[in-house]
Every structure is written in structure tokens, then in C-alpha cells.
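Given the coordinates of chain A, work out where chain B should sit on it, guided by the hints.
Chains as they are written, first to last, in my numbering: chain A, 106 to 491; chain B, 246 to 500.
Some hints here could point you the wrong way.
[What the hints assert, rightly or not] Simulated restraints on C-beta separations: (1) B/GLU278 to A/HIS125: 29 to 35 Å; (2) B/LYS368 to A/GLY122: 44 to 50 Å; (3) A/TRP366 to B/THR336: 47 to 53 Å; (4) B/ASP321 to A/HIS125: 53 to 59 Å; (5) A/ARG152 to B/ASP321: 25 to 31 Å; (6) B/GLN271 to A/GLY122: 50 to 56 Å.
These aren't lab readings, by the way, just hints derived from the structure by calculation. All values derive from a computational prediction rather than experimental measurement. Virtual Cβ for every residue (Gly too), placed ideally from N, Cα, C.
Chain by chain, the residues:
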Amino acid sequence: MSVAVSSSIHQILADKGLDHHGQWWQERIAAISADQVEAALAEPPGRYRLERLMALISPAASRYLPAMARQAEELTIRRFGLTVGLYAPLYLSNYCINCCIYCGFNRQSHALRRRLDIEQAVQEARVIRSEGFTDILLVSSHDPGFITVGYLVELAGRLREIFSSISVEVQQLDVDGYRSILGAGIDGVTIYQETYDRDTYKRFHLAGPKSDYDLRLSAPDAIAQAGMRRLGLGVLLGLGDWRIETLALAEHAHYLMTRYWQCHISFSFPRIRPAMGLDEVVFEHLVSDKELVQMILALRLCFGDAGCVLSTREPAWLRDRLIRLGITRMSAGSRTTPGGYCGPTDAVGQFEVADHRSAAEVADVIRRAGREPVWKDWDQAFVCIQ
Amino acid sequence: MDRLTIAGRQFDSRLMVGTGKFASPQIMAQAIEASGAQIVTVALRRIDLSDPNDRLLSAIDQTKVLLLPNTSGARDATEAVRLARLARAATGNPWIKLEVTPDPYSLLPDPVETLRAAEVLVKEGFVVLPYINADPILAKRLQDVGTATVMPLASPIGSNQGLKTRMSLELIIEQARVPVVVDAGLGLPSHAADAMEMGADAVLVNTAIATAADPVAMARAFRLAVKAGRLGYLAGPRGASRLAQASSPIEGLLQ
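Chain A extracted, bound-state conformation (with noise of 0.2 Å):
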């Protein structure tokens, strides 16, 4: 009797190709026919084949972003409802041991540095509840001698008499750590693998723990393993070729949803944006307005039942036009710096906030594009707090 054994994602992406992005993946999406965008457009939206995504993320089908995008809003209505999510960022610290030469917070970086100590933060999150914000993201560099698990737990316990929802974007920890977190009251974690290219992560990752491609792999695993409720997903478009980078993302995430089918699985769309310190770097494959368009559409029509958060690194325009398709989570009133909410700070912002409007602005936006925005979906009820 034959047992069948299920791959590990680092098996998987190597079969496919998917982590070495060479000029045979860039033939193949652009060998794509006008035919071919049609009959993936034609097949029940909603489902995932690497195919049919291929399909609606090729230059073929950019010329069908019209289609697209009535069905990306079709199936987010009926999933989603006329909703649109709000949460906000706190940033507890911009010290980090990793040189992501990408990134405002890298080591090299002369950056001002600033962390928060919990009462600092608390004083921050008030801020942040007190615009509406129920649902809170916990922001930080990695800075491993300062936040700590003990940190976030200790964090989490004074949050979550004011936050439904807690979640984290902060440095790779094991299972352990995740499920010590999930018991303090974070429900959902974020970590990116900001590029699938075995190569290109090499390049941009020099130093420190985050410059291990397949350790950073394996996080998604051990987040849902922990039983955490809700994971966010994705690449820092600007890296490598984001076609093929889309097709990584989603092999990931399908990976995920079917072994553990009770983590609910997100889209992240960051873009690079201009950071301090990063004007001698060179990005060979920055994403345009309309690309990042059709990758968020391509990746509704393929997974519409995943969630679509969208960052406040993008320009106000952009985001309200985002809203009727297909995005189900928004920032708003952000700060990227540490301390940023209480008041002005010299210290450095992780990237440069292109939409600087308030959260009772943009949530009058959301209401105009009739939509509900919506302050609170989840519960601390939910969590058993050991």
C-alpha cells in the first residue's frame, strides 16, 4: 500500500520552478493568448488553478482589467458583503539586527532609532482606539532583545480590553511563540516572504536571521500549526518579476489552505516605497499602477474567499478606486514611526505613508464608494486567554 506523503512548500515551489525565477516562467506567461485570458475568464471564478491564474496574470490579459474587475466585485459582494474593514499599524520598535537593503529599518541604515516600552505603547494604541479603531497590527522590526514574546504577550494583555482584534507583522518566531501569542488574545500574524526568487532574496537580504530564504519559508507553517485564526500573505512587489512572484504567492497560500483549512488566509499587496537611505538601490522590477491592479484582481478571481488588505503606502486615489474591487481590509491614519501617534518624531518610518488622510476620512470615503466600513469583526470572546 502506497501512503501519500504531501510536500513541503520548499518542495513544492522547487518542482514548479517557482523559487528560481528564471526566463522559462517569463516565456511561458507571456506565450499567453488573448484565448487562453478568455477561457480562464469563462471558468467558475473563485477557484484556484495555477493555470488559469497564469492566464489572468499575463500581458494578455491586461487588456481585460474591465471583465476582470466586475467579477473580482461580484465575488467579493457576495463573500464579503459591502464591507470594508478598517485596522491600524502600531510600530514598537525600529532597531533591527536584519540588512534588508530594501527597508527603512535595516541595521546599516543610520536611521533615528526609537522603541516603545509597553506603557509607550499602550499610550500609542489609546490614540489609535480612540479614532475607532477596534483592530490593531502590531508593527515592529526584528529586535530580538526587546520584543520579545514576553513582550507581545505582555502587550496583548493590556490591548485586549480595548482592541476585538490584535494581530502582529513582527519578526519570525516558532511555534511555541505563536501559540504563546495566540493565547495572550493576537488572533492573526502577517510575515512575507517579500520575494520567492531563491536569487533575488539572496540580493536583498544580507545579514541577520531574516537572510535565511528557507527558514522564512517555513513561518507560515508554523503560525498556522500554533492555530492562529488568521495569516497575511505577501512578496514586496518591486524585488523580482511580480507575474511570477503572484504565481509563488498563490502555489503558498493554496499549500496552506488545504492542509490547515481553518487558518484564513490573506493577500498583502506592499510596494516599495521610498525609504531613508535607499536611493542608491536599484529596483529592477518596480510594479506600475496597473499592474498592481490586475495582480489583486488575478488573485480575487483565484481565491474569492481570501481577505485583501491594502496599506496606506498607496496614494488616496488609488486606494478609493481599490475599494469596490476586491480589497476586504484597509489601513488608515497611519504612522510608521514608533511614537508616531502621541506626537512628532524624528525617529525613521519603516516606509513613506502615501495616503495621509485621517480614519473618519477615509471611512467617509468607504461609505461614498457604498460601502460599510467596518470597525469591529472579531472578539476577544473568541480566544481563550490562558
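Just chain B, lined up with the frame of chain A:
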């Protein structure tokens, strides 16, 4: 007067509605009004019971409708029970729509955890209305436990596909000792009428109303369809036949 009785409480309307997915609380309120619904379900995850100004809650006129909190988002019995207890503690209302949906993609209900949670909640005095797949045996097991209704799905939630589970629904309705409320997947008023003609005691509709181009008009359409379907059921329809059959005087002769 043909009334729906659940746990000893009587209702004139056989249409229940949900409160998710609406473009605004105002539209939701108008749609509830137009639907004539007297039971309105709301996800506990979406509301803050401690906030008297909660946007969703304050848009629902609780003098006219019974608020039926639901445990949407719970992935096991423990979570569902905890949510139900907190809701009752905050409101004093023992009615709970039990939803245990561990798969965040299909949102299909977990039969094992739903039964477990129902056992606990009924013992604690809750009026339990469980959302289930259209499984006749599970429906019986839940009735044995003492739930106030069973709420089998017509098709997956939000799918608007209508009565895909027809055969099982017919069995559930035929054998039920408690009201059967067909929940989830009803995309058109005709689907609701169909369920009522089949003998369902009530239906619950959310997505089809909330995401319609005109939710208020759609709510009204569902109200009328549910009424029409119920009247049709009560009128005792003749069974359908594939062939035209002239009435034959011999039928009476041979009885």
C-alpha cells in the same frame, strides 16, 4: 391565524433576516422593516454589547423584532458556548443561533461541534437554533437534545444557489418535531417560496437581500414570496406529473 411558534413564542412572520453585508446600518434598518421579519440575527463578532451606541445594534428596533445573536466565527463547541454565555450575560436574552463554522472558506457548519455545543447550551437553558448542513440524522440528534429549531442550509452560505439540498431538506421537514428553518443559500424570492411550498416552517435570508442592488425592494419581495409559498403549502398542492392526465371518472368507481 397561521403563526410560527418557536420555544412557545409566536411570530406572524416566517421570514428571518440577517444583518451582515449591508452597505450601511440605515439600509439594513429599512430592509428589515420591509421584510416584515420579527426575528433578526446578528453576529456577536460584529457588535459591542457593552456599547449603547453600537452602530449596528442601535439601527435595529428591538421593540419590533427579536434579536437573535449568532456565534458566527466560532470554530468549535467551546468557543460557541463561550460566546453564547457572554451574550446572555450581557443581554439576558437566552435565544442563540448556534453557528460553528471551522472552515473560513466554505463557512460550512461542523456537525460534531454543533451537536456538542447544543447539548451544553440546552442544558443551561438557552433557546438554541442550530445552523446545520442538511443532514436528516443530525437534525434528529439535535431535536433529541432539545434544540428549539433546526436550521438546515439550502446551499453554501452566500452562494445564492437555492435549494441544492432538496432531497435532504424534504426528509428533514417530513420527520421534524421542531420548526425547520431553511437557512443559507437562498438567492431569489422564488427559492424562498420553493422552500415554504415544500413545508419549511420559515426561512432565513441575508446575502440575497443585503447585496441586492435595491435591498429594501428585495426584502419586500422575499416577504411576499415567503407568504405566497406558505399559502401554497397550506392550500394542499396536488403532486406534479410529467404527463398530462385527463381526470377519469373510473377513479372514484374503483375506491
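Problem - Violated hints - listed by number, lowest first - result: 1, 2, 3 and 4
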